[in-house]
Structures are given as C-alpha cells and as structure tokens.
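Undergrad: Here's the letter readout for the chains.
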Amino acid sequence: GAGVSQSPRYKVAKRGQDVALRCDPISGHVSLFWYQQALGQGPEFLTYFQNEAQLDKSGLPSDRFFAERPEGSVSTLKIQRTQQEDSAVYLCASSLGAGWYNEQFFGPGTRLTVL
Amino acid sequence: GQQLNQSPQSMFIQEGEDVSMNCTSSSIFNTWLWYKQDPGEGPVLLIALYKAGELTSNGRLTAQFGITRKDSFLNISASIPSDVGIYFCAGTNTGNQFYFGTGTSLTVIP
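As they're listed, the protein sequences go chains A and B.
In terms of our numbering, the first sequence is residues 1 to 115.
In terms of our numbering, the second sequence is residues 1 to 110.
Certain hints may be false.
With the Cβ distance kept under 7 Å, some of the chain A side facing chain B (calculated, not the full set) [claimed, not checked]: (1) P43; (2) F45; (3) E52; (4) A53; (5) F65; (6) E68; (7) P70; (8) L91; (9) G97; (10) Y101; (11) F106; (12) P108.
Pulled a few chain A residues facing chain B out of the computed Cβ check, cut under 8 Å [to be verified]: (13) D18; (14) Q41; (15) G42; (16) Y48; (17) E103; (18) G107; (19) G109.
Keep in mind the hints are simulated off the structure, nothing from the lab.
Bear in mind the structure is a predicted one, so any value in this text is a computation, not a measurement.
Cβ atoms here follow ideal geometry from the backbone N, Cα and C, with glycine treated the same way.
Please work from the sequences and hints to get the whole structure.
TA: Here you go:
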C-alpha cells in the first residue's frame, strides 16, 4: 500500500506570495499531523487533526498559517504572505488511530524556499 | 517550540563499531521515541518506549527510557554503512503533540 505522499516536493515562492502544500495520508488513517523542519533541526509540531476536526493548532507560528482537512482525508497547509523565515521542510504524518499514541508514518516532506 | 537536546551532534565511526547517543529534556515525558531520517525523506520510527526504566531492542538497536523520565538513550551495535543518517529522539505526554530533539548525524566509514 502507498505511504504518505506530499506535493509538491519542492516549492519556491517569492516573499509575499501565498502557498498551499498538500498531504495525502495513508488511506483510513484517522490522525494527521503537520510539522515544520528548519535546516539542521528536528521537526517542530504545527497542528493535529482527528478526522476533519483540527484538535490542536498550538504550533502554528502565526495567523498566516492555516491548515484544513475538510473530508477527513487529504489535508492542505496554507501559508499566506510568505516570509523568508518560512523557508523549511514541511512534513506531514498520519497514524491509524486516535486518542493515545499510535505510530506516525511520515511523508517525504515539501521543501519550501522563500526568496 | 520546545526542542530536546541530543548529543553528540555528529559522529564519525568505523564500520563495526558500537554507537551511543542520548537525549535530554527539561520536562518529563511518558513516552519516548527514536527515529531515523535519511536525506529527502521523512523520519522513520525505530523504537518506542512507554515506561520509565524500560529497555527495548529492535535488532542491533537498543533504547532506554531514563528513570527520571527526562532522558533517553539509543545504542547501535556493530554499525553498518546503511546506519548512516540523522537520528532524532522525540517525547510526548499527549500522544498528539510531539517534541523532537536536535538530531545526531551518524557517518559510518567502511
């Protein structure tokens, strides 16, 4: 079966542009996570969905960041008016269950470069 | 966001040597995880630890959940070239929000 996929794999944006990053989780996975990974750092939690409900968005760095998962499967992370500090790899992960810890399966990430 | 401290930051070892790395936090966690990340890929789970003091193995990998719940250790025995990559620890108390370490980069010299 297919793993978590993300698109695009690479995105170059001019400062001030809006971008949308897509995540296709493993089919049937209830939980979905977004992380931001700066160069040379570990992933940092952004937000968590259980089905279509966004249960935790405490890691979103500003109101320019918005995530949705309207039908409980595909998710989109949108960044408005991109800034240079937004340059990072954005990782999506999904897990089968909800509630307590279930193994997260990560996608390959989208590398965003803001010029 | 909170990041856990990992040491060493990087390691260069000969093939066949054993490797030890650790991870510390200012906060306690009730679950510790170890991941490996290859270039251009997402992290892959290696070992999960659920109980203070727990020692768990996965092949040549052994990890321990520190008794203070503020640290964890990962050992790799008899390293091979495919062990090359970046190793991350992660901790969680909710099962939903995870805090990752700063990473240990491992290079294995054949």
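Undergrad: Could you run down the list of hints and mark each one as holding or not?
TA: Hints versus structure:
1. The interface hint given for P43(A) holds, since its Cβ lies 5 Å from the closest Cβ of chain B, which is under the 7 Å cut-off.
2. Because the smallest distance between the Cβ of F45(A) and any Cβ of chain B comes to about 5 Å, under 7 Å, the interface hint for this residue holds.
3. A distance limit of 7 Å between C-beta atoms decides the matter here; for E52(A) the minimum to chain B is near 16 Å, and the interface restraint is violated.
4. At a threshold of 7 Å, the smallest CB-CB gap from A53(A) to chain B is about 12 Å, leaving the interface hint violated.
5. The beta carbon of F65(A) is not positioned within 7 Å of any beta carbon in chain B (closest approach about 13 Å), and the interface hint is therefore violated.
6. Because the smallest distance between the Cβ of E68(A) and any Cβ of chain B comes to about 18 Å, over 7 Å, the interface hint for this residue is violated.
7. For P70(A), the shortest C-beta to C-beta distance to chain B is roughly 20 Å, which exceeds 7 Å, and the interface hint is violated.
8. At about 5 Å, the closest approach between the beta carbon of L91(A) and any beta carbon in chain B falls short of 7 Å, and the interface hint on this residue holds.
9. With its C-beta approaching chain B no nearer than about 9 Å, G97(A) sits outside the 7 Å limit, and its interface hint is violated.
10. Taking 7 Å as the C-beta contact cut-off toward chain B, the hint placing Y101(A) at the interface holds, the least distance being around 4 Å.
11. For F106(A), the shortest C-beta to C-beta distance to chain B is roughly 3 Å, which falls under 7 Å, so the interface hint holds.
12. Of the supplied interface hints, the one on P108(A) holds, with its beta-carbon coming within about 5 Å of a beta-carbon of chain B, less than 7 Å.
13. Evaluation of the D18(A) hint against chain B yields a violated restraint, the C-beta minimum of about 24 Å exceeding 8 Å.
14. With a cut of 8 Å, the hint placing Q41(A) at the interface with chain B holds, because the nearest CB-to-CB distance is about 6 Å.
15. Residue-level restraint check for G42(A) holds (minimum Cβ-Cβ distance to chain B is 3 Å; threshold 8 Å).
16. For Y48(A), the suggested interface contact is upheld, since its CB lies about 5 Å from the closest CB of chain B, less than 8 Å.
17. Hint status for E103(A): holds, given a least beta-carbon distance of 6 Å to chain B, under 8 Å.
18. Proximity of G107(A) to chain B holds as hinted, the smallest CB-CB distance being about 5 Å (cut-off 8 Å).
19. Residue-level restraint check for G109(A) holds (minimum Cβ-Cβ distance to chain B is 6 Å; threshold 8 Å).
This entry does not satisfy hints 3, 4, 5, 6, 7, 9, 13, going by the numbered hints stated previously.
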